[in-house]
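K.L.:
Sequence:
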Amino acid sequence: MQGSNSSSARVPVARRSHRKSKTGCQTCRNRKVKCDERRPLCRNCEKHFIGLISCDFDDQAPVLAQDAPAGTNQVGRAAEPLQLPTMVSASSYDALLRRPQSEVPSTTFDKLAAYYLNSFAYRSFPFYASKDLIDVWWPFVQADDLLFHVVMLLSSIDLARTSNITDTTSEAQLFGQSVSILRSRLAEPTASNSISDATIAAVALLAALEHHRDNIRALQMHISALKHIVDQRGGLSAVKAENPMVANVLFWCALVAINEPALLPLTYEDALEMIDQPQDADDASLLTHDGGEANLFDLGLDPQTAFVLHDVQRLSRLYTATLSYGSPDEAMDVLSQLCIILQRLLTLSKLSDDVTGTPGLSQSCRLAGVLHVFTPLSGYFPDPTMMLHALVRDIKSSLTKMIGATGTHSHLLLWLLGVAGITAHSMPERAWFVGHLVVVVQDLEIKSWQVFRSNLVKLAFHDNFCDVSFQALWDEVRQKQDALDVYS
Numbered sequence: 001m002q003g004s005n006s007s008s009a010r011v012p013v014a015r016r017s018h019r020k021s022k023t024g025c026q027t028c029r030n031r032k033v034k035c036d037e038r039r040p041l042c043r044n045c046e047k048h049f050i051g052l053i054s055c056d057f058d059d060q061a062p063v064l065a066q067d068a069p070a071g072t073n074q075v076g077r078a079a080e081p082l083q084l085p086t087m088v089s090a091s092s093y094d095a096l097l098r099r100p101q102s103e104v105p106s107t108t109f110d111k112l113a114a115y116y117l118n119s120f121a122y123r124s125f126p127f128y129a130s131k132d133l134i135d136v137w138w139p140f141v142q143a144d145d146l147l148f149h150v151v152m153l154l155s156s157i158d159l160a161r162t163s164n165i166t167d168t169t170s171e172a173q174l175f176g177q178s179v180s181i182l183r184s185r186l187a188e189p190t191a192s193n194s195i196s197d198a199t200i201a202a203v204a205l206l207a208a209l210e211h212h213r214d215n216i217r218a219l220q221m222h223i224s225a226l227k228h229i230v231d232q233r234g235g236l237s238a239v240k241a242e243n244p245m246v247a248n249v250l251f252w253c254a255l256v257a258i259n260e261p262a263l264l265p266l267t268y269e270d271a272l273e274m275i276d277q278p279q280d281a282d283d284a285s286l287l288t289h290d291g292g293e294a295n296l297f298d299l300g301l302d303p304q305t306a307f308v309l310h311d312v313q314r315l316s317r318l319y320t321a322t323l324s325y326g327s328p329d330e331a332m333d334v335l336s337q338l339c340i341i342l343q344r345l346l347t348l349s350k351l352s353d354d355v356t357g358t359p360g361l362s363q364s365c366r367l368a369g370v371l372h373v374f375t376p377l378s379g380y381f382p383d384p385t386m387m388l389h390a391l392v393r394d395i396k397s398s399l400t401k402m403i404g405a406t407g408t409h410s411h412l413l414l415w416l417l418g419v420a421g422i423t424a425h426s427m428p429e430r431a432w433f434v435g436h437l438v439v440v441v442q443d444l445e446i447k448s449w450q451v452f453r454s455n456l457v458k459l460a461f462h463d464n465f466c467d468v469s470f471q472a473l474w475d476e477v478r479q480k481q482d483a484l485d486v487y488s
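Here the working numbering is used: position 180 in the sequence shown is 180, and no number is missing along the way.
Derived from the structure by calculation, the hints contain no laboratory data.
It should be emphasised that the depicted structure is a prediction, and the values quoted were computed from it without experimental measurement.
Idealized CB from N, CA, C, for every residue including glycine.
Treat the hints with care, since some could be wrong.
[Said to hold, decoys possible] Pairwise CB distance ranges, derived in the manner of DEER restraints:
id	residue 1	residue 2	range
1	N118	S448	37 to 43 Å
2	D135	R393	15 to 21 Å
3	D482	R233	43 to 49 Å
4	S184	N215	38 to 44 Å
5	Q101	K227	47 to 53 Å
6	K480	M221	44 to 50 Å
7	S454	E103	41 to 47 Å
8	D333	E269	15 to 21 Å
9	T169	R233	18 to 24 Å
10	N259	A191	31 to 37 Å
11	A172	Q101	14 to 20 Å
12	P105	L351	50 to 56 Å
[Unchecked claim] Subject to a maximum C-alpha distance of 25 Å in a straight line, what follows is the list of computed DSS-like cross-link-like pairs (lysine-lysine):
id	residue 1	residue 2
13	K350	K396
14	K401	K458
15	K227	K350
16	K480	K396
17	K350	K401
18	K350	K480
19	K458	K396
20	K480	K447
21	K447	K458
With these hints in hand, go ahead and build the complete structure from the sequences.
P.N.:
Rendered as structure tokens:
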């Protein structure tokens with residue numbers, strides 16, 4: 001006992017107060033990731049957890065958002081109070097802000113640009129956005145009057161939501177200016193900027209805005225215009241060859257705005273070719289084996305689906321390896337891979353399962369792959385919640401067929417149910433996935449979170465990214481087990 005006390009007394013005070021590892025929130029410490037110690041909500045927790053307003057620092061208890069409708073739950077950062085002064089000096093952003101000719105006062109631009117660069121920009125990309133990526137995107141936004149007005153319009157709407165103070169005058173001015181500039185450009189189809197990168201990015205963001213507003217007529221109009229302009233440019237792959245950042249923003253906004261997973265308004269032509277010509281089956285088998293060390297092909301999974309799931313596994317590693325990107329190019333590469341993989345999985349999901357011989361098997365894997373890729377993106381703008389609801393219903397149907405054909409003694413089924421279960425965190429389908437997980441973990445004799453997690457990692461897992469969500473699911477499964485044991 002004395003040796004133990006003496007050992008603990010020798011721990012240097014300076015080391016205990018080291019910012020990198022000792023004074024962050026408890027959640028970051030448990031996840032073994034660096035906490036930036038921003039209060040009340042650190043950026044890690046802001047980006048990844050549902051309904052969280054403040055972290056669990058040693059002197060501060062975690063706080064969840066209250067009274068949020070189940071269908072509108074956002075990642076915690078979406079509910080965070082504004083972390084900016086109420087008055088932002090115009091001179092503070094002179095070096096960053098090019099003010100266009102506009103009816104909107106320059107002070108409004110200053111305030112909205114400050115909010116955008118400090119908060120909303122990091123929730124406006126279809127991936128974990130880094131400062132380096134924003135540093136590339138922001139000059140591109142400022143260089144075009146139309147795109148700048150649209151981005152400031154979105155910033156105004158999000159600022160109103162987070163601060164509960166709506167500036168209808170500024171929103172109306174920004175919307176009016178955006179529409180006016182867009183109409184003047186489209187009225188001159190021969191003008192160089194009528195189909196420019198900035199113009200099509202602005203149209204895509206306007207489509208995302210109308211999706212957010214549930215303005216169906218305007219949404220359809222913008223999607224139609226977007227498809228027309230992209231066709232004029234030679235297709236989405238042609239846009240990507242010149243500007244990958246814009247192409248990925250177009251794909252993401254169009255995909256989420258349309259709401260239906262089976263309907264892809266814009267597609268990468270080269271991604272479709274990859275589906276038509278999958279690589280050798282031996283490469284696809286690199287995806288981890290099922291419970292009895294049986295290859296996924298032995299389970300009847302078609303080569304195309306297995307190969308794409310291998311890419312999903314590789315993308316999951318990149319999530320962990322490049323959370324703090326060394327360069328915008330790295331971030332853009334991951335973003336491009338994400339969009340391509342989503343398209344390939346969604347395209348494959350339209351195919352029949354008849355060729356596999358096992359009802360629901362390949363389709364369940366395809367849909368779970370989509371949900372797995374989408375998991376870190378819930379709460380971004382535009383919000384994919386409605387699409388996730390549709391995907392959860394689809395995978396529940398395909399899993400019902402698969403379970404009827406294969407039974408429940410399967411590590412692959414464990415992963416499929418787990419991925420669907422964390423996506424359905426605020427949906428009535430959650431109970432269905434939990435109930436089936438109870439049966440699967442009993443059949444596989446899984447009795448601890450560590451073993452449960454190790455089985456997820458063998459397939460595809462966003463390491464240090466979704467542990468909290470999966471552990472909450474595991475806890476719910478154990479609680480359900482205990483409740484059922486009472487009646488056994």
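K.L.:
Could you run down the list of hints and mark each one as holding or not?
P.N.:
Now the hints, each set against the structure:
1. Between N118 and S448 the CB atoms are about 41 Å apart, so this pair conforms to the stated range of 37 to 43 Å.
2. About 40 Å separates the C-beta atoms of D135 and R393, a value inconsistent with the hinted range of 15 to 21 Å.
3. As the Cβ distance of D482 to R233 is approximately 58 Å, the hint placing it in 43 to 49 Å is violated.
4. The supplied range of 38 to 44 Å is broken by S184 and N215, whose beta-carbon atoms lie about 22 Å from each other.
5. Range check, Q101 to K227: Cβ separation about 30 Å, and the 47 to 53 Å hint is violated.
6. Look at K480 against M221: about 47 Å separates their beta carbons, and that is inside 44 to 50 Å.
7. A C-beta distance of roughly 59 Å is found between S454 and E103, which places it outside the suggested range of 41 to 47 Å.
8. A C-beta distance of roughly 19 Å is found between D333 and E269, which places it inside the suggested range of 15 to 21 Å.
9. In this structure the hint that T169 and R233 lie 18 to 24 Å apart at CB is violated, the actual value being about 36 Å.
10. One distance hint, 31 to 37 Å for the beta-carbon pair N259 and A191, holds here, with the actual separation near 33 Å.
11. Distance hint check: the CB atoms of A172 and Q101 are about 18 Å apart, consistent with the given range 14 to 20 Å.
12. Taking 50 to 56 Å as the suggested C-beta distance range, the pair P105 and L351 conforms, at roughly 54 Å.
13. As the CA atoms of K350 and K396 are separated by approximately 16 Å, the hinted pair is consistent with the 25 Å bound.
14. Restraint check for K401 and K458: the C-alpha separation of about 24 Å stays at or below 25 Å, so the hint holds.
15. Distance check on the hinted pair: K227 and K350 sit about 21 Å apart at the alpha-carbon level, within 25 Å; holds.
16. For the hint linking K480 to K396, the alpha-carbon distance of about 19 Å falls within 25 Å, and the restraint holds.
17. Note on K350 and K401: the hinted pairing holds, with a Cα-Cα distance of about 16 Å set against a maximum of 25 Å.
18. Distance restraint check for K350 and K480: the Cα-Cα separation of roughly 35 Å exceeds the 25 Å cut-off, and the hinted pair is therefore not satisfied.
19. Of the pairs offered as hints, the one joining K458 and K396 holds, with about 22 Å between alpha carbons and a cut-off of 25 Å not exceeded.
20. For the given pair, K480 sits about 13 Å from K447 by alpha-carbon distance, which is consistent with the 25 Å threshold.
21. Straight-line distance between C-alpha atoms of K447 and K458 comes to about 17 Å, which keeps the hinted pair within the 25 Å bound.
Checked against the numbered hints listed earlier, the structure breaks hints 2, 3, 4, 5, 7, 9, 18; every other hint is satisfied.
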